[in-house]
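*Asks:* Residues per chain are reported as follows:
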Amino acid sequence: GIQVEQSPPDLILQEGANSTLRCNFSDSVNNLQWFHQNPWGQLINLFYIPSGTKQNGRLSATTVATERYSLLYISSSQTTDSGVYFCAVEGLYTGANSKLTFGKGITLSVRP
Amino acid sequence: DTEVTQTPKHLVMGMTNKKSLKCEQHMGHRAMYWYKQKAKKPPELMFVYSYEKLSINESVPSRFSPECPNSSLLNLHLHALQPEDSALYLCASSQVIRTLRSTGELFFGEGSRLTVL
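In the order they appear, the protein sequences are chains F and R. Here the first sequence is numbered in the working numbering, starting from 1 and rising by one per residue. Here the second sequence is numbered in the working numbering, starting from 1 and rising by one per residue.
In short, the hints are calculated from the structure, not lab data. Be aware that one or more of the hints could be misleading.
Here are some chain R residues pointing at chain F (derived, C-beta under 8 Å) [to be verified]:
hint : residue
1    : L45
2    : V48
3    : I56
4    : L90
5    : E110
6    : G111
Far from chain F, by Cβ distances over 12 Å, these chain R residues were calculated [as the list claims (entries may be wrong)]:
hint : residue
7    : Q6
8    : G14
9    : K19
10   : G28
11   : E44
12   : E52
13   : P66
14   : N70
15   : H77
16   : S94
17   : R113
18   : L117
We put the CB at the ideal spot given by N, CA and C, even for glycine.
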């Protein structure tokens with residue numbers, strides 16, 4: 001099946017700093033999502049981005065499908081950005097029972 | 001506010017109990033999912049319902065029994081669980097994009113945190 005690798009595994013930032021989170025995947029995809037899991041466990045949709053670039057406030061994401069990676073940018077980080085960021089992908093050729101494969105996540109801690 | 005609602009938020013049960021987790025969505029989605037998540041791990045897919053029919057069962061033990069009474073509701077019936085089944089159980093929903101055979105954008109509920117004693 002498709003492999004998903006996220007880096008770095010852990011990230012510590014001072015409030016106000018910018019950061020880039022990376023997701024590499026091993027095959028062509030028809031679905032890529034970024035999620036933020038807050039300390040209470042809720043998984044929040046950030047972006048549905050199988051290709052191209054999107055922005056939402058301080059967050060933006062870019063997926064370069066031909067090179068099999070996606071980047072999540074966080075600008076002017078806030079303590080509420082802390083949590084785990086997951087990238088999840090769905091392979092293009094997985095057939096009728098396709099499903100999302102999650103990376104291991106990136107744990108972000110933003111210090112005040 | 002999440003548009004996928006899960007109840008209860010917390011559940012403690014003994015190994016001989018029977019309980020159920022419930023999930024409801026009102027986004028008109030026709031695919032619904034159960035995931036299990038252990039601490040510091042990504043979510044693991046358990047079951048997928050597409051158009052109210054079970055389409056994926058990821059070899060989950062029979063002590064977990066899913067049910068999809070209609071397109072808005074998804075239940076997970078629990079019986080004779082083991083302490084290692086303690087985890088966060090997440091429900092999700094999505095549109096079904098048949099032309100791409102794709103999951104579509106997935107939306108999660110807040111989760112039900114289960115402790116088995």
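*Asks:* Please go over all the hints and tell whether each is borne out by the structure.
*Replies:* Structure-based check of each hint:
1. Taking 8 Å as the C-beta contact cut-off toward chain F, the hint placing L45 (chain R) at the interface holds, the least distance being around 6 Å.
2. Because the smallest distance between the Cβ of V48 (chain R) and any Cβ of chain F comes to about 7 Å, under 8 Å, the interface hint for this residue holds.
3. Look at I56 (chain R): its Cβ gets to within about 5 Å of chain F, closer than 8 Å, so that hint holds up.
4. For the restraint placing L90 (chain R) at the interface with chain F, the shortest Cβ-Cβ distance is roughly 6 Å, inside the 8 Å limit, so the hint holds.
5. Proximity of E110 (chain R) to chain F holds as hinted, the smallest CB-CB distance being about 5 Å (cut-off 8 Å).
6. With a least beta-carbon distance of about 5 Å to chain F, the hint placing G111 (chain R) at the interface is held under the 8 Å criterion.
7. Under the 12 Å C-beta cut-off, the non-interface status given to Q6 (chain R) relative to chain F is violated; the minimum distance is some 10 Å.
8. Non-interface status of G14 (chain R) relative to chain F is upheld: no Cβ of that chain comes within 12 Å, the nearest being about 23 Å off.
9. With a least beta-carbon separation of about 19 Å from chain F, K19 (chain R) lies farther than 12 Å from that chain, consistent with its non-interface assignment.
10. No Cβ of chain F approaches the Cβ of G28 (chain R) within 12 Å, the least distance being about 16 Å, so the stated non-interface status holds.
11. The Cβ of E44 (chain R) does not lie farther than 12 Å from every Cβ of chain F; its closest approach is about 8 Å, which violates its non-interface assignment.
12. A cut-off of 12 Å between C-beta atoms confirms that E52 (chain R) is not in contact with chain F; the least separation is 16 Å.
13. Every Cβ of chain F is farther than 12 Å from the Cβ of P66 (chain R); the closest lies at roughly 15 Å, confirming the non-interface assignment.
14. Against the 12 Å criterion, N70 (chain R) stays outside the reach of chain F, whose nearest CB is about 22 Å from its own CB.
15. Residue placement check: H77 (chain R) keeps its beta carbon more than 12 Å from all beta carbons of chain F (closest about 22 Å).
16. Not every CB of chain F is more than 12 Å from the CB of S94 (chain R) (nearest about 9 Å), against its label as outside the interface.
17. For R113 (chain R), the non-interface assignment is contradicted: its Cβ lies about 7 Å from the closest Cβ of chain F, within the 12 Å cut-off.
18. Here L117 (chain R) stays apart from chain F, with its beta-carbon at least about 20 Å from theirs, past the 12 Å limit.
Going through the hint list in order, the structure does not satisfy hints 7, 11, 16 and 17.
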